[in-house]
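Position chain B relative to chain A; hints supplied.
Protein chains in written order, with the numbering used here: chain A, 1 to 144; chain B, 145 to 828.
If you're looking for bench data, these hints aren't it; they were derived computationally from the structure.
Misleading hints may appear alongside valid ones.
One side of the interface only, derived from the structure: several residues of chain B facing chain A at Cβ under 8 Å [to be verified]:
id : residue
1  : R459
2  : S471
3  : I504
4  : R509
5  : P510
6  : I512
7  : G515
8  : V517
9  : K769
Quick reminder that beta carbons are idealized off the backbone N, C-alpha and C, glycines included.
Okay, here's what each chain looks like letter by letter:
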Amino acid sequence: MPESHYNSLHRLLYTSKSRFSCSEAHVPVEIKGIVAKSFEKNRHRDLTGVLLFINDTFIQVLEGPLSEIETAFEAICCDMRHGNLKLVDMTPVETRIFDEWSMAFVGFDVDPSHLRTNRDLQEVYTIVESDPEKALRQIRGLIN
Amino acid sequence: MPVISCILTEHDLLLVLLAAVMCAIGSFATTRLWRNAVAARQRDRFHWCFLTGVTGGSSIWATHFIAMLGYQTPVPATFDPKLTVISIVIAILGTSLGIALTTSSNRLIARLVGGATLGLSIAAMHFVGMFAYRVDGIVSWDQTYIVLSIVASIGFSVLATFYMTGGRAPAFLSRTNAAVISLILAIVLLHFTAMDAFSVAPIAGLSSGADSGAFSAMAMSVALVALLIVFTGFSSEVIEFRNKTRSEIDLNYIATHDELTGVPNRRKFSEILADRCAKTRDTGAEFSLIMIDLDRFKPVNDTLGHTTGDAVLKRVANRLEHVIRASDFLARLGGDEFAIIALGSTGDRSNVLRLCDRIIDVLSRPFIINGHVIELGASLGVAIAPAHGTTADDLTQSADIALYAAKDAGRSTYKLFETAMADEVQLRRSLEIDLRRALNREEFEVYYQPQVDAKSGDYSGAEALIRWRHPQRGMLSPVVFIPLAEELGLIGPIGNWVLRQACRDAVTWPSHLSVAVNLSPAQMMDRRLPKSVKSILNETGLDPARLELEITETSLIGNDVQALAVLNELRAMGIAISLDDFGTGYSSLSYLHRFPINRIKIDRSFIDRIPTDVDSAAIVQAIAKLGGSLGMKITAEGIENEEQWSFSKTEGCDHLQGYLFSKPIPGSEIGALFDTKDSAERAA
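This is chain A alone, in the form it adopts within the complex (with noise of 0.2 Å):
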């Protein structure tokens, strides 16, 4: 395997179902946790991309070198707060689309000013494993 495949630019796509062991009411603290740990995690590994939160499902895109990718996909493989992990999409890309994000988060929210938030999470939620493409575009406009 030469080197520079695996340095080269990659972006990996997968959803999983949330499977904590604290109440419901923590759960939201729980995901602040993740994000912010990985956050700072992706910061040194160069990593970036999204994690989404809807239906009890995380929808996380991770861009980045494929050895730090592998890395990371890893741990979360190791992680068994994850249930049902799917693993939707892992290609070499040209560039990045999340590349000012070293983890952002967007998740449901039933305050009313999120409605349209809610709406297009909804949306990515149905389609991400059957036109990730489309998902991703969806995604990337949620983020703005």
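Coordinates of chain B only, in the frame set by chain A:
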């Protein structure tokens, strides 16, 4: 007891005590170093002998010198510097030489010569030291005590050597401690017995008594220096001991852990399992054994290489370590086989089953290695002690049986051992034994299912089907025993037998009728197939044009180069090839195109549903049309009623087979059937 009275009456007790402490510590350190000298390899031995010699010599000499300082004479005494130094040299060199001799591989030399040299060195040091001891008085020596002292020194030195070189020590002592005591006795007995041989009478007029203050100071200094030397020697022994212990720990780690993944290996696993089983036999405590086998690992190794395979195994071990509980013991048994001994599950099976769920979940997640996405999975077999076995062997066997059951159940699942599983294995085993003998015992029979021309309804031939008349179990279907025969490598001889029998029977049929014989994938893998087919045709005299060999797509997959060669050879002999069960597998059009296939047999599952099921009807139509345009004959299997017959006929099927015409019948009856029909036709 002159020795004791000598100690008590003629010595300064404090200094005697100091000498005794010196002697004990020195002997202790010396024997520890000595042990290393005896055990050392050739290149280290010199250094160990020297170190032991310096430590031993110094302690012997210091003991003597301190005791001498504590010797109370009625007259003034001094020490001759030159002789004192010589006595030190004798002590160190003599001891070194003695120790070196005790390391000899010849036991007799080591014990007698080595031991004697040690004893003599102690004595020589003592007497030279005595010459250095200058007293202003009349000195006299008692020869008996001199001899006694030397004998004692040699005797106990030899005894010490005996213990150091593997001699049996008294039951209550270790060898080293027995040697320590012997060495102390050698030094002490020599000194005080020799001192008994020595007596001084004061000369009238001279001032009496030694300068005890100065002597004490000197004694302390000598003791200090000697102790420094002894402790230096002792430290090096401690360092050596620690290093050795550490490398023993390292060695033990290497011996009990898997090099690739770092988890405990099979050896450690067996040890823990045996321990745990023993405990269960004593206390009845429950525990579980989980056998884990990766699914689809071999293709990863084969297609992506062993480096990737190894990387997968490392990650598998790591993931397993993440999901097990602190009380669980994980081991890699080799290859892609892991095992977990779930120790902390007393009385709670659901915990173990939850653990199994977690393992299956975590190993079903993809592995990304060098950009390759690898999807594995794991099958698990669980056995619980004591219910499913109380010895390591029984429990392992139960877990293995459960593992096979999990694999059979479609993989990526776990199975808890059940007695029925063992019965199944038992059944399989007995079937295996019977199958090996079935051919010789002529228990196989060939049945034939006739095939008819779709248009005229006349017989066109028959398909040969094997049956096994098992002496106890009755008639067995090939579905039961053919996979087993393939696994056991018996398919070659069985296949040849069927072919020969079918050819023999077909020769007796009317000459326009053909016979179809099935070939298993395993037979297609055998390069000798065309040759054996040819010899069977020659032997039976059947026209090759009347023989049709039926293959399935499975025979072609992953084996296409050889399959193509074999099929071409068979075609060249004039034998027809038909593709069986078409429509169920890959139904690859490229196979139809690339391989010399004469006939397609549409699978009965589609025929079953025609003409009512629209999809099945469409599939039958499509296959018939496709075959027709590729110039192939089409056979519809499983025709059971008139509608299916007429539909198949209309859609272009050439030949038909099914219960509507006849079920499979014994070879002895088919001849008559063909004859009747033929004669009926002739009569008509």
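Should the hint that B/S471 touches chain A count as held when the rule is a Cβ pair under 8 Å? 17 Å, violated
Can the hint on B/G515 be confirmed by a CB-to-CB distance to chain A that is less than 8 Å? 6 Å, holds
Take the shortest C-beta to C-beta distance between B/I512 and chain A; is it under 8 Å? Since the shortest Cβ distance to chain A is 5 Å, the answer is holds.
Checking hints one by one. Is B/R509 an interface residue toward chain A, by the C-beta closer than 8 Å rule? 4 Å, holds
Quick one, is the B/P510 hint okay against chain A at 8 Å, beta carbons? 5 Å, holds
When the least beta-carbon distance from B/K769 to chain A is tested against 8 Å, hint result: At about 34 Å, which exceeds the 8 Å cut-off, the nearest Cβ of chain A leaves the hint on B/K769 violated.
With chain A as the partner, please determine if B/R459 meets the hint condition of a C-beta pair closer than 8 Å. At about 6 Å, which falls below the 8 Å cut-off, the nearest Cβ of chain A leaves the hint on B/R459 intact, so it holds.
Per the CB criterion, is B/I504 less than 8 Å away from chain A? This interface hint is violated because 12 Å lies over the 8 Å limit.
Against chain A, run the beta carbon of B/V517 and see if the smallest gap drops under 8 Å. OK, holds: B/V517 within 8 Å of chain A, min 6 Å.
The earlier numbered hints that this structure contradicts are 2, 3, 9.
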